[in-house]
Structures are given as structure tokens and as C-alpha cells.
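Asker: Okay, here's what each chain looks like letter by letter:
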Amino acid sequence: LAKTTQPISMDSYEGQEVNITCSHNNIATNDYITWYQQFPSQGPRFIIQGYKTKVTNEVASLFIPADRKSSTLSLPRVSLSDTAVYYCLVGVDYKLSFGAGTTVTVRA
Amino acid sequence: DGGITQSPKYLFRKEGQNVTLSCEQNLNHDAMYWYRQDPGQGLRLIYYSQIVNDFQKGDIAEGYSVSREKKESFPLTVTSAQKNPTAFYLCASSPSGAVAKNIQYFGAGTRLSVL
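Those protein sequence lines, which keep their order, are chains D and P. Take the first sequence: its position 82, counted from the start at 1, is 82 in the working numbering, and no numbers get skipped. Take the second sequence: its position 23, counted from the start at 1, is 131 in the working numbering, and no numbers get skipped.
Any given hint could be a false lead.
[Said to hold, decoys possible] With a straight-line cut-off of 25 Å between C-alpha atoms, the simulated BS3-like cross-links for lysine-lysine are: (1) D:K95 <-> P:K122; (2) P:K165 <-> D:K3; (3) D:K95 <-> P:K165.
[What the hints assert, rightly or not] Which residues of chain P face chain D? A few of them, derived with a C-beta cut under 8 Å, are: (4) Y156; (5) F163; (6) G166; (7) A200; (8) K209; (9) I211.
Hints listed in this document are in silico derivations from the structure and should not be mistaken for laboratory results. No residue lacks a Cβ here, since even glycine has one placed at the ideal position from N, Cα and C.
Only chain D is shown next, with the shape it has when bound in the complex (with noise of 0.2 Å):
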């Protein structure tokens, strides 16, 4: 499984875009990129996943430069309740690997 580094925290301002890069510079060809949000006492929730260039939903956007060795998720004009941490998993396998994650702390 490819490791992967990202932040351990992150502040910010509600109404501001957060990025958040991961690096991974170890990932196989046929890797994907998938993250996911967990709040206080909750199970993770997917938010996005890509495999190259960019990929949006509706909470986030994901971009994934053409060597692939590192993602940035990006959330759009962020409120106080996207406090929470968010994971950067790498691979294609049932054993996934759930990091310390970045803590992202929006204040008003």
C-alpha cells in the first residue's frame, strides 16, 4: 500500500477555501485517491475519490496532478461545521490504510 503524508492540522475562517495536500509518492498505476471526513464520535464519511486531473462533487474538489505523487482536497467556502479530520487514502485494496488524518479547524 502506497503511504501517504498529509498535515496534522490545518486552521482556518469560515467563508475561506481550504486545501489540503497529501503526498504519495510511492503510488501503483492502478491506485486510486480517496478521502474521507470522520467528525467527534462518528464514523469516517466518504467525500471524493479520483484517479487524475480533477474530479467535484458537490462539499469538495479533488486535484491530482499528471505524476500523481501528490493530491490536494479542496473545500470550497468552508463553515464552522466542516471542522473535523479529514483522511487521504491511497490504493485499490480491501485493507486500506486510515493515517492520523488533518485535523481542519474552521473559525468564525
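Fit chain P to the known structure of chain D by using the hints.
Answerer: Quick look at chain P alone, frame taken from chain D:
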């Protein structure tokens, strides 16, 4: 409503006792998973099952056991051999397609404490 149901929400274990955590899904998913989460940390995989009557150990299977007799159900037993069971336990399920299995649906979790 489709989803994953975990019960109980809170559970207390006495010394030397085995306890069983329930997980039921009505999403018609083939694959099911159990994770453990300790405070401030990510999720660690305990066991997973790709299909009925089959399951594999994850990264931290020692002291735990599972069964998969029905597609909808994947109970986890925390045995007395697990010396540090206090944690938040999460059950998940996913379709079994090549990419779809990355998209896991999680239950609300069971918080286990030791008395």
C-alpha cells in the same frame, strides 16, 4: 433507510469477560470491516470479510474474533485475551467492485470501556 447499524452504543467489559459488538447492514454489500480507533489516532483494521463464511485478519487481530454467517451481519467479539480493549470500534461495509471497495460506509460506532 439503508445503512450500517452498530449496537450497543456504549459497552462496559469486566476483567476476564468476552463481549460481542453487533454490526448489521442492509446495503447488500459483500464486504464488511471492523476498525479500532484510539483517542487522537487514525483507524486500525481488525478484521475484514470479502464474502459470507470468509474473513481475514487485519493489522491488529490478536484478542479479537469475528464470524460472517450472513451477508448482513459481522459481529466482533472482544475476548479476555485483549488486554487493552478500551477504544472506539467502527464497523463498515463496501461493495466488492475493483474501485468501489474503497468507498466504505461506516456505522456510528461502539465505545467500549473496561470496568
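Asker: Is the interface hint for P:K209 satisfied, with its Cβ closer than 8 Å to some Cβ of chain D?
Answerer: 6 Å, holds
Asker: Are P:A200 and chain D close enough, Cβ to Cβ, to be under 8 Å, as the hint says?
Answerer: Nearest chain D Cβ about 7 Å off; hint holds.
Asker: So if I understand the rule, the pair passes when the alpha-carbon distance is 25 Å or less; does D:K95 with P:K122 pass?
Answerer: 31 Å, violated
Asker: Given P:I211 as an interface hint, is its Cβ closer than 8 Å to any Cβ of chain D?
Answerer: This interface hint holds because 5 Å falls under the 8 Å limit.
Asker: Can you confirm whether the C-alpha distance between D:K95 and P:K165 stays at or below 25 Å?
Answerer: 10 Å, holds
Asker: Go through the hint on P:G166 and say holds or violated, using the shortest Cβ distance to chain D against 8 Å.
Answerer: At about 7 Å, which falls below the 8 Å cut-off, the nearest Cβ of chain D leaves the hint on P:G166 intact, so it holds.
Asker: P:K165 and D:K3: Cα distance at most 25 Å?
Answerer: 20 Å, holds
Asker: Quick check on the hint: P:F163 CB to chain D CB, less than 8 Å?
Answerer: 11 Å, violated
Asker: Holds or violated: is the Cβ of P:Y156 closer than 8 Å to a Cβ in chain D?
Answerer: Since the shortest Cβ distance to chain D is 5 Å, the answer is holds.
Figure legend: structure checked against the earlier numbered hints; hints not met, in rising order: 1 and 5.
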